[in-house]
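Engineer: Here's the letter readout for the chains.
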Amino acid sequence: MDLIVNGIIQAFSLIVSLDPEVVEVTLLSLKISGAATLASTVIGVGAGTAVALLRFPGKRFVISVINTGMGLPPVVVGLFVTLFIWRSGPLGGLGLLYTPAAMVLAQIVIAAPIITGVTLAAMQKLPARLRLQILALGATRRQLVWLLMKEARLPLLTAVMAGFGGVISEIGASMMVGGNIKGYTRVLTTATVMETGKGNFELAIALGVILLILAFTVNYILTAVQQRKQK
Amino acid sequence: MNKITGILLTIYSAVFFLLIPAYAKEKDIIFATTTSTQDTGLLDELIPVFEKKSGYRVKTIAVGSGQAMAMGGKGEADVLLVHSKDAEEKFVKDGFGINRRIVMHNDFVILGPKDDPARIRGLASAADAFRKIAASKSLFVSRGDKSGTHVMEQKLWKKAGLNPEKEKWYQQTGLGMGQTLAVVVEKRGYTLCDRATYLSRKNKIDAAVLVEGDAALLNIYHVIEVNPKKFPRVNAEGGKAFADFWVAPETQKLIKDFGIRKYGAILFHPDAVK
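These protein sequence lines map, in sequence, to chains L and C. Numbering-wise (our numbering), the first sequence opens with residue 1 and increments by one. Numbering-wise (our numbering), the second sequence opens with residue 1001 and increments by one.
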């Protein structure tokens, strides 16, 4: 019990005192997962909308693949990304392994299917008549897609939150492709594991609490945007 | 839509390109090592010193010695600091590693619950202790990860004439030493642990050193450079610079002082300068 209380106290003292190492790790988590979420949003919203609106053979199969991708285990993603980017892999020449860019890449692979899947479901749930109505009003294709996205903006923000939540809390891939290098690829989740290994449970709890606060803050902001637009 | 997509794309590419290092990979050294050097905090002390002096960035991957050598054996690391004698010799003999040099040593100890159900306290021979643990079917927690510690433990079981792999009282964690110690304390088992990790955790764990001092328990760390002739992508210069750093007199002094300053005892005895 003492340990938990001390851990929480330490978390707040680390936050209040802006401990440079904790700040660095937190910012890096935010940067990497933020970049991955942004990229995944572009990919996922685009792909999800396209699959939802277009008719093509094998659509059901593609949707199944996307839905499976929503549950991709991060360690498996980490393993495959590693095999591609390490020195003996096909992209070995880029020297990407153990860099923040590699972590962004792996996290995109994790988040993009989540965002695609939620977008797809959101777009498919829109009433079919809406589409006809918009077209009847003389909208171009581009205007149609834009209006449908606007209509689905609430679930689309949920998609972004789900994607961000998936990658900020993810550890397997970050550890494998990032390597938990101090001041370079060490993020909140990998630092928590390391401090647990070192027996610094208070610091580990503190990092965990900071991760929760960070996730809450980002989701709070997105939720605020989402609920404001609902009016 | 175009406007928002445009903004998103701009932000995204800005962030992404900021993150991609400017291909300064000649300046990066991939250093594969054991968990004990990281879990004790030694690397956090030494690596900044080296980085500042040399301008290289060291990417430390702390895994077991077995995995470290597996990385080296594929050219995925530039330099190794490991403690698994037979495997190291084979690694060099097979041409994967060059310039194997001794860095430091300490010893392994057998840890267990203070009430010592297997009655091994004070035994002079580690193999005898292992036999008694087996005879009393007391829980033994193994690393099970081909690390230097795990290889040493297997050697001791062999010496004791036993093979506990399938026994119920023998459990493998597959984790680093620090995390394995947590399991040992929680389950009140016995384990083999390097003294450095034990000393760095001593005040936080409820387990005692029961057997120590057997010559068979010596734990020696060597630095090995990965052979650049075998793997052209290896950073040979960086690897050599970092290996040289480990055996330099100033570093050796830092290694010795590290434990005394932080834990009041020498964690690693420097061996490169006599």
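These are computed hints drawn from the structure, not numbers from a lab. What you are looking at is a predicted structure, and each value in this text was computed from that prediction instead of being measured. Don't be surprised by glycine CBs; every beta carbon is placed ideally from N, CA and C. Misleading hints may appear alongside valid ones.
[What the hints assert, rightly or not] In the BS3-like style, the derived pairs of lysine-lysine whose C-alpha atoms are separated by at most 25 angstroms in a straight line are:
hint	chain 1	residue 1	chain 2	residue 2
1	L	Lys-31	C	Lys-1253
2	C	Lys-1187	C	Lys-1146
3	L	Lys-182	C	Lys-1158
4	L	Lys-59	C	Lys-1187
5	L	Lys-31	C	Lys-1256
6	C	Lys-1262	L	Lys-31
7	C	Lys-1256	L	Lys-182
8	L	Lys-59	C	Lys-1240
9	L	Lys-182	C	Lys-1187
10	C	Lys-1074	L	Lys-182
[Unchecked claim] Per the computed footprint, the stretches of chain C lying under chain L, defined by three or more beta-carbons under 8 angstroms from a beta-carbon of chain L, are:
hint	region
11	1059–1065
12	1122–1132
13	1212–1221
Engineer: Hinted pair, alpha-carbon criterion (25 angstroms max): Lys-59 (chain L), Lys-1187 (chain C). Please report holds or violated.
Structural biologist: violated (52 angstroms)
Engineer: Take the C-alpha atoms of Lys-182 (chain L) and Lys-1187 (chain C), compute the straight-line distance between them, and say whether it is at most 25 angstroms.
Structural biologist: violated (32 angstroms)
Engineer: Decide if the proposed pair is consistent with the structure: Lys-1262 (chain C) and Lys-31 (chain L), CA atoms, cutoff 25 angstroms inclusive.
Structural biologist: Measuring from Cα to Cα gives roughly 34 angstroms; hence the hint is violated.
Engineer: Mind checking the alpha carbons of Lys-1256 (chain C) and Lys-182 (chain L) for me, to see if they're no more than 25 angstroms apart?
Structural biologist: holds (23 angstroms)
Engineer: How does the coverage statement for the region 1059–1065 of chain C fare against chain L, requiring three or more residues with Cβ below 8 angstroms from a Cβ of that chain?
Structural biologist: Holds, because 4 residues of the region 1059–1065 of chain C bring their Cβ atoms closer than 8 angstroms to Cβ atoms of chain L.
Engineer: Closer than 8 angstroms, Cβ to Cβ, for at least three residues: run that test on the region 1212–1221 of chain C against chain L and report holds or violated.
Structural biologist: violated (count 0)
Engineer: Regarding the pair Lys-1187 (chain C) and Lys-1146 (chain C), is the alpha-carbon distance no greater than 25 angstroms?
Structural biologist: Holds: Lys-1187 (chain C) and Lys-1146 (chain C) sit about 22 angstroms apart, inside 25 angstroms.
Engineer: Keeping to a limit of 25 angstroms between CA atoms, is the pair of Lys-31 (chain L) and Lys-1253 (chain C) held or broken?
Structural biologist: Violated, because 39 angstroms separates the two Cα atoms, which is more than 25 angstroms.
Engineer: Holds or violated: Lys-31 (chain L) with Lys-1256 (chain C), Cα cutoff 25 angstroms?
Structural biologist: violated (38 angstroms)
Engineer: Is Lys-182 (chain L) within 25 angstroms of Lys-1158 (chain C), Cα to Cα?
Structural biologist: violated (39 angstroms)
Engineer: Within a Cα-Cα threshold of 25 angstroms, do Lys-1074 (chain C) and Lys-182 (chain L) meet the stated pairing?
Structural biologist: holds (24 angstroms)
Engineer: Within the region 1122–1132 of chain C, is the number of residues with a Cβ closer than 8 angstroms to a Cβ of chain L three or more?
Structural biologist: With 0 residues close enough to chain L, the hint is violated.
Of the numbered hints given earlier, the model fails hints 1, 3, 4, 5, 6, 8, 9, 12 and 13; all others are met.
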